[in-house]
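Asker: Chain residues, written in single-letter form:
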Amino acid sequence: MKRLSRYRRHKAAGPFLLILALLAIGTTFSVASATVKQSTTTFARSAAIDEGKQIFLKGCSSCHGLNAEGGAIAPSLIGVGAASVDFQVGTGRMPMADMSQQAMRKKPVYNAEQTAALAAYVASLAPGPAIPDDSVLNYERDGNTAQGGELFRNNCAMCHNFAGQGGALTQGKYAPTLMGVEPKYIYEALITGPQSMPVFSDKTITPAEKLSLIKWIKSAEAEPNLGGATMGRIGPVTEGLLAWILGIGLLIGIAVWLTTRAR
Amino acid sequence: MTPVEKTIGNVANFVDERLGAAGWVKKSLNKVFPDHWSFMLGEVCMYSFVILLLSGTFLTFWFDPSQRDVIYNGVYEPLKGLKMSAAYASTLDISFEVRGGLLMRQIHHWAANIFMAAIVAHLLRVFFTGAFRKPREFNWILGILLLTLGLVEGLFGYSLPDDLLSGTGLRITSAIIQALPVVGTYISFFLFGGAFPGTGFIPRIFTLHILIIPGIFLAVITIHVMLVWYQKHTQFPGVGRTEKNVVGHPILPVYMAKAGGFFFVVFGVIAFLSAVASINPIWLYGPYTPGQISAGSQPDWYMGWLDGLVRMAPPLETHAFGHTISWNILIPALIVPGILFTGMALYPFIESWITGDKREHHLLDRPRNVPNRTALGVMSITFVMVCLINGGNDILATNFHLSINQIMWFSRIGVFVLPPLAFVITKRLCLSLQRADRDLLLHGSETGRLLRLPHGEFVEVHEPISTEKAFLLQSHEQPIALEISEVDSRGVRRPGALKNKVQRRLSKAHAVSVPKVSEQELKEIEHH
Amino acid sequence: MDDSIAPAHAPRSTDIDPKAEKRAEQQIAILFGLSGLGSLLLIYSYVFVTKDVFIFIPVMGNQNAQQLGIGIGMAMSLFFLGMAAIHWAKTLMSDVEVVNHRHEFRSSDEDRDAFVKTVKTGAAAAGLGRRKLIKRSLGAAIGLFALPPVLLLRDLGPLPKKQLETTNWKAGTRLLTDPGNRPILASDLEVGAVVQVLPAVEHEDERPLSDIAKDPVLLIRLREQDFALTPEKLAMTHDGIIAFSKICSHMGCAVALYEQQTKHLLCPCHQSTFDVPRGAKVIFGPAARPLPQLDITVDAEGYLIARAAFSEPVGPSFWERNSQ
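Chains as they are written, first to last, in the numbering used here: chain A, 1 to 263; chain B, 1 to 528; chain C, 1 to 324.
Keep in mind the hints are simulated off the structure, nothing from the lab.
This one's a predicted model, so the numbers in the text were calculated from it and none came from an experiment.
Check before you lean on any hint, since a few could be wrong.
[Stated by the list, open to error] From the derived model, a few chain B residues whose C-beta atoms are all more than 12 Å from chain C: (1) GLY23; (2) THR60; (3) PRO65; (4) VAL120; (5) LEU155; (6) SER278; (7) GLY377; (8) VAL417; (9) PRO420; (10) GLU446; (11) GLY456; (12) PRO464; (13) ASP488; (14) VAL502; (15) GLN503; (16) PRO515.
[Stated by the list, open to error] Which chain B residues face chain A? A few, computed with CB under 8 Å, are given here: (17) GLY81; (18) LEU82; (19) GLN292.
Backbone N, C-alpha and C fix where the C-beta goes; we use that ideal spot for every residue, glycine too.
For reference, chain A alone in the conformation it holds in the complex (with noise of 0.2 Å):
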């Protein structure tokens, strides 16, 4: 004892009991979980499950609930499938920024991998619709233009606009534009039906139909514009505004100028 307390005033005193300190606490907690972790490692779909519970209950259980079973201002989660949140996580809308009429494309916040993680906790929770996988996805060869079209205009039109560029729906909801969202994207809308947007099961629009709508959109979004820039592809209003903008206006000043006296 009196050999220890010799040296209890020695200056590497202080740091040597620091890091036998560390040491200590490091090894217990190593220990203590590795034995935890060890029986869980086996499965990699329980990890994401579990991960994605994490998550979930870190960023989305304030407003969907603990269980996901919903709220007064979040809708229930169990049963919307993989899909649902590949969709809604994927594209940012969720979580929600703010609780406005609708959530908004923005960036995400969370990353593919953590996305996945929660796709697969919200899917434990009931059978729902699954994620696209890419082999289904190949609208270039299974999809038809012209027949996407037609489709597009029966069933997308009148909520998206003919070119896809969005449109009004009541009370300040809206169709958000198609224009630049990942075909993945568009068929898991086309199967969970997100917020206002209506379910179009396999059924009545066949996966096949759905690769024609695809191809569509992502053609309506390539072409160019055949006749010169088109203020949007909204239609009439933005032309009759160009029309008396620039097309009265350049003539007025024209006028002005014309019967201007020359200095």
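Got chain A sorted already, so can you dock chains B and C onto it with the hints?
Answerer: Then chains B and C, alone, in the frame of chain A:
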């Protein structure tokens, strides 16, 4: 004589020996037209009309005005293999297979939009300056007729390609016709050749669009311009300008060069717009079928105010004795526009009744000097603007993150509240401008330079205005309210007492004006 | 106001300075030159540029080169021609204002008297005033004459008869998807799903557009407990599936904007809003009547069919419509 002069001389001799036109042509070439930029708006209308005729003729060489079904097999991939009408397919061919075809389509449609816009601008100029007064009332009525015809012609024109957007517009047109009591369904079936959409409508509106209505246009425009020619153009007041003369430049060579040049400028501006700005991209809309619709479906802007009126109408229908009257269609689509256009057409007579002024007028009014008329004009513009805004309520909502329901309520209330508000504000503004003119005349213009007088007072230095400006500020007439006594000279009560009372009241309101600077006041100032 | 006071005339620079005059001439020549350049650009684009060439223009994106070339060429050739003429008039042509005198429009009294005399003599010569038999028979002939032009237009179209009141929906008609013309099982629809349907007819690929103006129906699936309908309207639904005419009762546009969460149907033409749980009752906008509901059930194989025709005419109102 130079060879050129000799040739001209020979031609002139040839014509004159057969028509004796030398005197008339000489008089015409010396005719004078006053110069003001606002007088060129009518020219924009006329030149756009010529451009419409030229570009339209080009289009008729390729357009097939038939509703028979064809399978599209042209170059535009997204529509390949689809069933559509021959009208739509031929329009696609014009757009994609004919060189310059899409350009001509766009020139035709931009020219139509600018034609209508110029008509409205021209109408407003004529209204606000009082150019519709005697002896030009008939010409004003012809102008309103041209405006109405233009609306119909434009509707038929953009409906010819039979695309989803214009087909929807035709659906609404047929619903308006169908809503007419007693005869509506019959007229609709006769016009469309059966139940909507019928198979006869496109060919029939084609005939109306390229032959009948342009023919009427040509005749009416000719009378309209000939009246201006014969009655001579009005002019703004100024030094040397009176009710009994016209001051300006002669037709040969100045006016010919300027007006002729302006035609090419108008054509050039329309061609430029058509080269860089897309209009009516029918390939994106798709062929018309009554089962489809696009979000944000609007007619062209000159019909847009009617669309807005229909949207804000209250949901009123009368169901009685096994019959239905749709007030929610009849009021906004027929009754309100009917009242508006009739009121517009009769306005010259209404105003002369109010003022009791039966003289000829060739000098124009400055709008501020006629506050009542100017305020009425601004009130009408406000009304149409509210309707226009409501017509585009879903476009506004989508692009500015608003609610269509809120815009609708704004319009329903605004259409009653905003026009009278605009009237009051405009009238007050005109009177303020009159007061400012008065000050300018009496005290000169403010230079912004301050001067300290010997006894300590600060005054702003005023500069006298030019004689031309002073002349202008005194050139208007002081409006006088009508005096119609209730009893005539023999003490007998006049008939039409209510009418006279209304006339007196309106006349008094119309005559509200800041008093003109009198000769005496001017003299006093001169000695200041 | 005296028109002997002519407006003051100040000379332009081109009137007094020969160098300015020369400069104006050159400017006009340049403008004409630009016009010529435009014409050349038009000709070149028309003849040599092929339809499939696209060029990138800042702000506007990829543009069709042929269209742009012909258009800009045409615009230049016209615009600068006009500008040259105007500039010429402004700078070099005489800009002294001329005075024309107005004449009174009212004809002289002698002319007026002569006019009245001519008309009176002419009318007396016709003798219409005293020849009553001619007057009456003329009136009758002209009156009858007015009828044929109207009558000749009778064959423009058929009489409406019952066309506005009937559709292709009858008892037992199958509901088919649009497009695709496939029959639908009740189990094909999930809650919140929407389907556009048309009736099964003889030649499904050749439906005339006038049928498509009346037949389209919208199928919506809700949960049974979401409905707030009268018992007879509820009986027209099947297992939470409700069917409405897709043709708006206001002016006939296609109503298919279904908001899944609010269960409202919005017509994009004039914003009439219909509440589906209450039988497409109008809750906003100018429509005066709810959308007609189609009575549906399933057949022996489980496919959705109509149990009866529509009980009222679909589409916009008309005079003969008995809307009770």
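Asker: Looking at the structure, which of the earlier hints fail to hold?
Answerer: 6
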